[in-house]
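2 protein chains.
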Amino acid sequence: MDTQQFREFGKAAVDYIADYFETIRDRPVLPSVEPGYLGDLLPKEPPQTGESWQDVLQDVDRIIMPGLTHWHSPKFHAFYPTANSFPAVVGEMLSAGFGCVGLSWIASPAYTELEVVMMNWLGKLLDLPEEFLNSSEGPGGGIIQGSASEVTFIGLLAAKEKKVKDLMEQNPDLKESDIKGKLVAYTSDQSNSSVEKAGLLGSMPMRLIPSNDEGQLSSGAFIEAIRKDKEAGLIPCYLVACLGTTPTCAFDDLTELGPICNRENIWLHVDAAYAGAAFACPEYRYLMKGVEYADSFNFNPHKWMLVNFDCSAMWVKNAKYLVEAFNVQRIYLKDQHKDLAPEYRHWQISLGRRFRALKLWFVLKIYGVEGIQKYIRDQIGLAKKFEELVNNDNRFEVCTSSMGLVTFRLKGEDSLTKSLLEKIDQRKNIFMVPGHFKNKFVLRFVICSRLSTEEDVKYSWEEIRDQADEVVPTERRKIVEEISGKRSIATIELYESAIEKIKLEKSK
Amino acid sequence: MDTQQFREFGKAAVDYIADYFETIRDRPVLPSVEPGYLGDLLPKEPPQTGESWQDVLQDVDRIIMPGLTHWHSPKFHAFYPTANSFPAVVGEMLSAGFGCVGLSWIASPAYTELEVVMMNWLGKLLDLPEEFLNSSEGPGGGIIQGSASEVTFIGLLAAKEKKVKDLMEQNPDLKESDIKGKLVAYTSDQSNSSVEKAGLLGSMPMRLIPSNDEGQLSSGAFIEAIRKDKEAGLIPCYLVACLGTTPTCAFDDLTELGPICNRENIWLHVDAAYAGAAFACPEYRYLMKGVEYADSFNFNPHKWMLVNFDCSAMWVKNAKYLVEAFNVQRIYLKDQHKDLAPEYRHWQISLGRRFRALKLWFVLKIYGVEGIQKYIRDQIGLAKKFEELVNNDNRFEVCTSSMGLVTFRLKGEDSLTKSLLEKIDQRKNIFMVPGHFKNKFVLRFVICSRLSTEEDVKYSWEEIRDQADEVVPTERRKIVEEISGKRSIATIELYESAIEKIKLEKSK
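One line per chain: the protein sequences are A and B, in this order. Residue 194 in the numbering used here sits at position 194 of the first sequence, and the numbers go up by one each step. Residue 21 in the numbering used here sits at position 21 of the second sequence, and the numbers go up by one each step.
Do not rely on the hints blindly, as some may be mistaken.
The calculated BS3-like cross-link candidates involving lysine-lysine, where the alpha carbons are at most 30 Å apart (straight line), are [claimed, not checked]:
no., chain 1, residue 1, chain 2, residue 2
1, B, Lys440, A, Lys228
2, B, Lys423, A, Lys124
3, A, Lys230, A, Lys165
4, A, Lys228, A, Lys165
5, B, Lys228, A, Lys165
6, B, Lys438, B, Lys458
7, A, Lys175, B, Lys165
8, B, Lys44, A, Lys165
9, A, Lys458, A, Lys411
10, B, Lys182, A, Lys228
11, B, Lys384, B, Lys411
12, B, Lys458, A, Lys44
13, B, Lys124, B, Lys374
14, B, Lys289, A, Lys44
15, A, Lys289, B, Lys44
16, A, Lys374, A, Lys124
17, B, Lys384, B, Lys374
18, B, Lys423, B, Lys440
19, A, Lys423, A, Lys438
20, A, Lys374, B, Lys44
21, A, Lys11, B, Lys374
22, B, Lys165, B, Lys320
A few chain B residues that face chain A, going by a derived Cβ cut-off under 7 Å, partial list only [unchecked claim]:
no., residue
23, Ala13
24, Arg27
25, Pro31
26, Thr49
27, Leu94
28, Ala107
Honestly, the hints are just simulated from the structure, not real lab data. The model shown is predicted, which means the values in this text are computed figures rather than measured ones. For glycine and all other residues, C-beta sits at the position ideal for the given N, C-alpha and C.
Build the full structure now, drawing on both the sequences and the hints.
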């Protein structure tokens with residue numbers, strides 16, 4: 001493919017994306033394909049000779065599009081959002097075009113240096129303590145990683161490194177492998193599955209501490225767990241606290257947990273993967289009070305801050321422990337400038353690095369601080385709107401509401417809410433996933449799409465309400481059935497006037 | 001930014017990339033910036049209000065471009081190539097545009113399913129044993145990971161899982177932590193730094209086995225290392241063999257190492273990160289003979305197969321061990337189709353996944369098998385051309401030549417080659433990195449750019465030759481000095497006719 005063909009193909013792809021976003025609201029949010037659909041549409045072997053880009057783009061439309069789940073549709077309310085904005089898409093494209101691998105400063109100075117500055121910008125946007133920033137005097141700093149999973153695991157490795165070092169300094173007779181075999185990590189039973197996975201990956205048992213009624217890690221239970229482990233001869237090493245848990249977006253209390261960690265020399269890692277973006281708005285910063293106790297902090301601009309996946313921001317107070325856990329120097333990687341710019345490859349798992357700072361820069365420049373704040377506030381406003389709609393229907397109860405996430409259920413047995421979700425899933429008009437809160441089955445409704453409006457929230461609510469009508473007949477439904485004897489919900493509107501009439505008569 | 005602005009911005013960015021590639025040959029391959037240059041060009045805080053895309057693109061030109069190392073310039077011969085092709089750039093852009101996160105089948109069926117098919121295509125392109133493929137009956141399969149570093153580490157975790165399981169089945173009284181504390185891994189002293197790092201990350205000592213004179217892992221030394229470790233009560237667990245080592249692109253002999261691993265129940269992982277792409281050409285497949293002994297196999301289409309970073313292909317014979325090492329199931333991740341499509345999140349570190357299969361598909365479709373074979377053969381041909389040029393200058397010696405990599409040096413003391421590299425580095429016209437071979441300092445010359453032609457190779461050689469003239473005076477140089485008494489090499493051309501005259505006289 002020559003440059004001219006690339007110009008044509010690239011521009012056609014830009015239009016394809018633009019058209020996609022202009023029509024995304026009208027597509028069923030969930031695909032209708034069956035597992036294995038795609039294997040039947042493609043040959044079993046790669047083509048012998050090349051095909052034209054026009055063929056490729058047609059195949060995208062024919063083969064890929066029917067199998068996409070539309071994460072950016074305003075009808076998508078599952079998981080948590082994954083970010084998508086036009087500036088970030090262009091940033092991703094330019095980064096692919098330049099295509100360097102930032103494995104050292106000289107491998108592309110702009111890669112390292114833009115990341116240093118962007119991590120400062122981002123830290124200031126969130127008002128993180130100065131000592132986390134690259135611009136501080138001390139050994140702290142920020143880096144872009146691929147995912148919160150990676151970060152939680154890397155935090156664990158740094159914690160392990162620090163603990164082994166500390167204990168061996170106190171007692172040089174200790175054996176490293178003996179220490180490592182006794183280390184223990186902690187998190188709440190509300191934390192993301194990736195936290196438990198980090199324990200598996202790093203061979204450190206991860207205790208899932210019970211949460212309190214608000215879904216927060218209970219500091220009493222934490223202290224108790226530490227005590228038990230110490231009694232058993234184990235060594236408490238690492239705590240992952242959550243600012244915005246996965247099930248309900250609850251916030252652990254760092255002002256309680258932080259002092260415990262500092263006292264016990266436990267590395268405190270803060271996972272604010274989703275909700276961290278909200279700290280761009282001063283009115284939400286009270287939720288991260290106590291962050292100054294933390295050793296590392298993580299949030300994902302690729303979740304709720306308009307930067308396409310992957311862009312996971314990690315800050316540490318002392319980068320030395322990362323570097324010592326990871327550093328494997330070789331002659332072909334010799335650094336001339338190692339004291340002047342961080343060698344980020346020693347802060348992460350992989351040797352190579354994409355230019356992820358570019359899309360972050362584009363988003364911060366094109367939205368500006370105010371644009372990002374407005375975005376966060378609007379999304380929270382839409383969740384509040386949804387909460388209001390649920391509260392106005394007395395068949396439902398709102399269980400939690402925090403940031404862009406509302407969890408709710410049909411009053412009564414779990415089976416009702418389960419069957420409501422089944423009906424909604426079958427129709428594929430909106431997409432939610434379930435969770436548990438206080439041992440009850442709940443639905444998680446998340447504002448995910450950048451395009452969401454109040455109208456969209458109403459649409460999704462009406463879909464839920466209508467399907468609930470199938471599960472729990474309403475007063476209105478009963479009246480309708482009284483007059484019509486019909487079970488089809490689609491015809492209800494026709495009877496609205498009759499209902500009003502009956503109501504009037506009843507109230508007389 | 002609305003859709004219309006995105007159309008404009010996106011298309012301007014396409015042109016920016018196209019223009020970049022059209023002018024890349026004329027740019028100095030290394031930037032002239034000093035560490036910290038970029039911090040001086042940007043404000044210390046993010047902008048309060050948003051800026052236009054035109055401003056952003058101008059800033060890319062003003063701030064980023066001067067700090068790029070041009071990996072795709074034909075004058076770039078450092079490290080190994082990183083892939084870049086137009087079809088892959090567009091694939092990356094569309095993947096960003098769709099912006100799903102493939103964390104389960106339903107999270108976007110096309111993501112999982114295209115990856116399954118592409119990993120079959122790729123495995124067939126390389127003629128891997130059937131049991132590695134998703135399309136096989138058994139528990140084998142392929143997945144796209146982010147980097148060879150990740151893959152080597154994941155292989156280690158799977159090996160650990162398998163070994164612990166095997167030993168506990170044989171002897172249920174054993175304690176898991178006791179086994180884990182005794183596991184040992186092996187690789188050659190020529191393997192990539194990331195292999196040693198995998199040992200650090202996975203808390204498994206990684207023995208660097210001495211290589212033989214050809215840079216291959218010595219099977220004698222391997223057997224000896226196993227014997228010693230077993231005598232010391234340790235448990236051999238994992239071998240990383242290299243097909244194409246980082247320093248010289250040497251190939252370990254799998255027909256020797258494989259049977260040893262199988263006999264000792266050691267997980268054999270094959271790291272073919274760079275050279276694996278060559279197996280697309282049947283004439284190079286003899287180099288992977290014995291691959292059927294391997295438990296896992298990895299190569300990076302993002303190095304030498306035209307798919308932009310990141311796209312690291314990993315196959316395993318039995319995916320069960322990955323899944324068991326990683327699986328942490330939660331209700332919000334419930335799989336309806338878990339038996340019909342692989343849940344790749346259990347095969348990798350992160351929960352989220354980008355749509356990397358898309359760019360791989362674009363490359364395979366637009367180049368076709370023949371296009372890829374031609375590309376590989378052309379690149380190897382250019383390296384042969386370079387080797388010929390070096391061989392024709394008797395001041396130099398070629399140390400190794402394999403695939404697109406030639407290592408060479410000035411005959412005599414290392415200091416000569418070191419000072420040659422210093423001179424070349426200072427001029428920034430071409431970029432190479434050094435290595436060691438048989439304890440000697442060598443220069444690594446790699447054909448990296450997709451754009452490289454024979455003319456480009458000649459240009460780079462002339463740059464090397466001219467700088468060598470400064471270090472090791474040639475016959476020609478001596479003659480010049482004889483007549484002129486001058487030391488400036490720049491004036492040599494003026495004396496060419498005089499030299500010819502002297503030569504003629506001498507030969508008479």
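So, going through the hints one by one against the coordinates:
no.	hint	result
1	B/Lys440 - A/Lys228	57 Å, violated
2	B/Lys423 - A/Lys124	42 Å, violated
3	A/Lys230 - A/Lys165	19 Å, holds
4	A/Lys228 - A/Lys165	23 Å, holds
5	B/Lys228 - A/Lys165	29 Å, holds
6	B/Lys438 - B/Lys458	28 Å, holds
7	A/Lys175 - B/Lys165	26 Å, holds
8	B/Lys44 - A/Lys165	35 Å, violated
9	A/Lys458 - A/Lys411	21 Å, holds
10	B/Lys182 - A/Lys228	27 Å, holds
11	B/Lys384 - B/Lys411	20 Å, holds
12	B/Lys458 - A/Lys44	42 Å, violated
13	B/Lys124 - B/Lys374	17 Å, holds
14	B/Lys289 - A/Lys44	24 Å, holds
15	A/Lys289 - B/Lys44	24 Å, holds
16	A/Lys374 - A/Lys124	17 Å, holds
17	B/Lys384 - B/Lys374	15 Å, holds
18	B/Lys423 - B/Lys440	19 Å, holds
19	A/Lys423 - A/Lys438	24 Å, holds
20	A/Lys374 - B/Lys44	22 Å, holds
21	A/Lys11 - B/Lys374	28 Å, holds
22	B/Lys165 - B/Lys320	12 Å, holds
23	Ala13	5 Å, holds
24	Arg27	12 Å, violated
25	Pro31	6 Å, holds
26	Thr49	4 Å, holds
27	Leu94	5 Å, holds
28	Ala107	6 Å, holds
Comparing the model with each earlier hint shows violations of hints 1, 2, 8, 12, 24; every other hint is respected.
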